[in-house]
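**Q** Using the sequences and the accompanying hints, generate a full structural model.
Note that the protein sequences, when read in sequence, are chains F and G.
Those letters in the first sequence? Residues 1 to 244, by the numbering used here.
Those letters in the second sequence? Residues 1 to 480, by the numbering used here.
I should point out that these hints are in silico values taken from the structure, not numbers from a laboratory.
We treat Cβ as the ideally placed atom computed from N, Cα and C, and that holds for glycine.
Careful, some of the hints might be misleading.
What the hints assert, rightly or not - Think about it this way: if two alpha-carbon atoms lie no more than 30 Å apart in a straight line, the pair counts; the simulated DSSO-like pairs of lysine-lysine are:
| no. | chain 1 | residue 1 | chain 2 | residue 2 |
| --- | --- | --- | --- | --- |
| 1 | F | K107 | G | K469 |
| 2 | F | K51 | F | K107 |
| 3 | G | K469 | F | K124 |
| 4 | F | K50 | G | K453 |
| 5 | F | K125 | G | K453 |
| 6 | F | K51 | G | K103 |
| 7 | G | K424 | F | K14 |
| 8 | G | K103 | G | K469 |
| 9 | F | K50 | G | K276 |
| 10 | G | K165 | G | K61 |
| 11 | G | K15 | F | K112 |
| 12 | G | K469 | G | K276 |
| 13 | F | K18 | F | K107 |
| 14 | G | K295 | G | K165 |
| 15 | G | K469 | F | K112 |
| 16 | G | K398 | F | K51 |
| 17 | F | K18 | F | K211 |
| 18 | G | K398 | F | K50 |
| 19 | G | K424 | F | K51 |
| 20 | G | K93 | G | K75 |
| 21 | G | K424 | G | K345 |
| 22 | F | K112 | G | K453 |
| 23 | G | K453 | F | K121 |
To be verified - Here are a few chain G residues that face chain F, going by a calculated C-beta distance under 8 Å:
| no. | residue |
| --- | --- |
| 24 | K15 |
| 25 | T19 |
| 26 | T20 |
| 27 | I22 |
| 28 | E428 |
| 29 | Q434 |
| 30 | G437 |
As the list claims (entries may be wrong) - Which chain F residues face chain G? A few, computed with CB under 8 Å, are given here:
| no. | residue |
| --- | --- |
| 31 | S48 |
| 32 | K50 |
| 33 | E68 |
| 34 | I89 |
| 35 | G91 |
| 36 | V92 |
| 37 | N95 |
| 38 | V105 |
| 39 | Q157 |
| 40 | I177 |
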Amino acid sequence: MLKISKLNAKIDNKEILKNFSLNINPGEVHAIMGPNGSGKSTLSNILSGKKGYDVSGEVLFEEKDLFEFETEERAHKGIFLAFQYPLEIPGVNTNIFLKTSLNAVRKARGEKELDAIEFLKLVKKKSRELKFDEDKLNRQLNVGFSGGEKKKNEILQMSLLAPKLSILDETDSGLDIDALKIVADGVNALRDDKNSFLIITHYQRLLDYIKPDYVHVLMNGKIVKSGGAELALELEKKGYENFH
Amino acid sequence: MDNRQKEIDNLKDYKYGFTTDIENTRAPKGLNEDVIKFISNIKKEPRWMLDFRLKAYERFKQLKEPNWQKPKYPKIDYQDLYYYSAPKSMDDKPKSLDELDPKLLETYKKLGIPLQEQARLNGIAVDAVFDSVSVATTFREELTKQGIIFCPISEAIQNHPELVKKYLGSVIPTTDHFFATLNSAVFTDGSFAYIPEGVRCPMELSTYFRINASNTGQFERTLIIADKGSYVSYLEGCTAPMRDENQLHAANVELIALDDAEIKYSTVQNWYPGDKDGKGGIYNFVTKRGLCKGKNSKISWTQVETGSAITWKYPSCILKGDNSVGEFYSIAITNNHQKADTGTKMIHLGKNTKSKIISKGISAGFSDMTYRGLVDISSRASNSNNYTQCDSLLMGNKCGAHTVPYIKNKNSESNIAHEATTSKISDEQLHYCQQRGLSAEEAVSLIVNGFCKEVLQQLPMEFAVEAQKLVGISLEGSVG
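**A** So this is what it looks like as structure tokens:
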């Protein structure tokens, strides 16, 4: 599904990703772990289409050159990024944002757009599943939301948009244990033999609830070690220092 | 890009930019007593009206054009303009829509304002002003049944002289200032509305202003009187063809609310803004003032200003009656090389008077926006208060936003609160929206509409959706 080969990325002439390669097949869950500044967020930014990076190498999504597509086109094709710091948009009602987003994606995918009633029914059902406070749906997008609520809102959006590839950028940071479980439940509910996940995290904790197929250790812009779920536990024990 | 292509591209952005090819009757070019007499004569005005105009003209000759505003413009040659232009077919006033030149009907149909009975907008009475003349007013009979007068001001001068004489110039005196005085001398047409005591006007009244002829100034005059205990909601819309020259629109609008009356006045201004390089566009220099004459009266201005090369206006309220209320809700958007200097004046004279100002300014491209507002609480206006909220949103780094509040409080029992913010649509916000499947333009439209929501909510429902779309369209091309 996603094939990254020899990806190099620079910002302001600083090299961040160096010869980075990764292959994700349909249905797989990959975790990328690494210390601060190792290039984790750069990877998610580049995959989502954020501008400002000087990039070389190749990224194929479903056999097509990802760099040919604008950010929104990548979203239409099924790439979703749960942001590390979800943005606040004052004045924009959360429900309206979610509906606009969902219908933009549905339209691009050739599906029927939902009317207000159909949408509300769907969003209420999803909110209940994710224990997302329904009152928040009528508030301004992410304005005044706690850290945990913002992250749950990301998972709610993920669940609505039904992506093929979901990238979770440190979604677990700042979450208490209950919120962590809810986020994990959201991810697990979407898991099947077609949907893939790339989970970026500092800690092993989230992986107790979302069992990855592969774990990669990212240091200084490169994958230094790959393994199964047990690698995360090893990492937790030893610390990143010992992977130098 | 060749000119033809440019024209096509512009048309895409400004769909009202077409010209109606029609034969006109014009006043001789230039400004003098003879031209004023020509206008007065062609409108078959009584002597008192001509005197009103000539008095204003005498005053005008002594006035200097102001120059304190932020947007500067090249000197206007007032002798190089036509002050009256009307379709020839209007010379012998058509008695019904059937007699109206089909080209005019077609024009309004194209603008989305069908005038024919079968196609009329539901629940909205329209007065259609084309250059210097009102071509049609719908739903008049229905309104007459309730004693409501809604007609072109040129007709009101003939048929309701007692009302016009009493109120015309009572809020904006003929000596007021350069452009207002010019308007008093040469005004051509506009709407007149009178709502009798205790009547709640059952439909929206609206005027659609269209500038068509080139080299012509449009001098609109509107007068609305809400008698005791009455209510009216009025809306005006404006468009003009695309031309390389700048055209002047200098209107005077006077509102009078008597005891317990309420006037809600909404504007969706979409005059041609000029092309992407700032060539052409309307100079929208307008004087709008409402007088809350009676106690417990209320005047509320809502404006959505997206068009014009330069917008220069301060719809104001004079709160004379005790307990009267003035409101000003504004969205002003400038893109490309547009400029705006707009805001309001709230003059508190009566006791327990209240005013509220909500202003949302959005600037993009190379444009420049100034909010300028006066809140003046006089010494006898005890227990009065004003709340002002003034927010600016910037897009890109080549535009400007300025806030210039003037605050005068001469009464220690009264208070004024002013809040102002300036923000920018960040690249991160755009990226976030795009990641969720919205294009950059859809994202901007969503964010801007959210920013403007408080004001959009004030518009009559029929127009809120249109205005929302307009907000998005006005900012097209401002990102990416």
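**Q** With reference to the structure, classify each hint as holding or not holding.
**A** Here's how the hints hold up against the structure:
1. K107/F / K469/G: Answer holds: K107/F to K469/G is near 19 Å, not above 30 Å.
2. K51/F / K107/F: Cα-Cα ~25 Å, so holds.
3. K469/G / K124/F: Measuring from Cα to Cα gives roughly 28 Å; hence the hint holds.
4. K50/F / K453/G: 29 Å, holds
5. K125/F / K453/G: 28 Å, holds
6. K51/F / K103/G: 50 Å, violated
7. K424/G / K14/F: OK: K424/G and K14/F at ~27 Å, within 30 Å.
8. K103/G / K469/G: 27 Å, holds
9. K50/F / K276/G: Given that 30 Å is the threshold and the Cα spacing comes to 28 Å, the pair holds.
10. K165/G / K61/G: Holds, at about 24 Å.
11. K15/G / K112/F: 29 Å, holds
12. K469/G / K276/G: Holds. K469/G to K276/G sits at ~20 Å (cutoff 30 Å).
13. K18/F / K107/F: Not satisfied, since the Cα-Cα distance of roughly 37 Å exceeds 30 Å.
14. K295/G / K165/G: 23 Å, holds
15. K469/G / K112/F: Roughly 22 Å between the alpha carbons, so the hint for K469/G and K112/F holds.
16. K398/G / K51/F: Satisfied, since the Cα-Cα distance of roughly 20 Å is no more than 30 Å.
17. K18/F / K211/F: Holds. K18/F to K211/F sits at ~28 Å (cutoff 30 Å).
18. K398/G / K50/F: Answer holds: K398/G to K50/F is near 23 Å, not above 30 Å.
19. K424/G / K51/F: The given pair, whose Cα atoms are some 18 Å apart, holds under the 30 Å limit.
20. K93/G / K75/G: 36 Å, violated
21. K424/G / K345/G: The given pair, whose Cα atoms are some 27 Å apart, holds under the 30 Å limit.
22. K112/F / K453/G: 28 Å, holds
23. K453/G / K121/F: Satisfied, since the Cα-Cα distance of roughly 25 Å is no more than 30 Å.
24. K15: At about 23 Å, which exceeds the 8 Å cut-off, the nearest Cβ of chain F leaves the hint on K15/G violated.
25. T19: Check failed: Cβ of T19/G comes no nearer than 36 Å to chain F, outside 8 Å.
26. T20: 37 Å, violated
27. I22: 42 Å, violated
28. E428: 6 Å, holds
29. Q434: This interface hint holds because 4 Å falls under the 8 Å limit.
30. G437: OK, holds: G437/G within 8 Å of chain F, min 4 Å.
31. S48: 5 Å, holds
32. K50: 5 Å, holds
33. E68: Violated, about 16 Å.
34. I89: Because about 6 Å separates I89/F from the closest Cβ in chain G, which is inside the 8 Å limit, the hint holds.
35. G91: This interface hint holds because 3 Å falls under the 8 Å limit.
36. V92: At 4 Å from the nearest chain G Cβ, V92/F passes the 8 Å test, so the hint holds.
37. N95: For N95/F, the interface hint is violated, since the closest Cβ of chain G sits about 12 Å away, which is over 8 Å.
38. V105: 4 Å, holds
39. Q157: 7 Å, holds
40. I177: Violated, about 27 Å.
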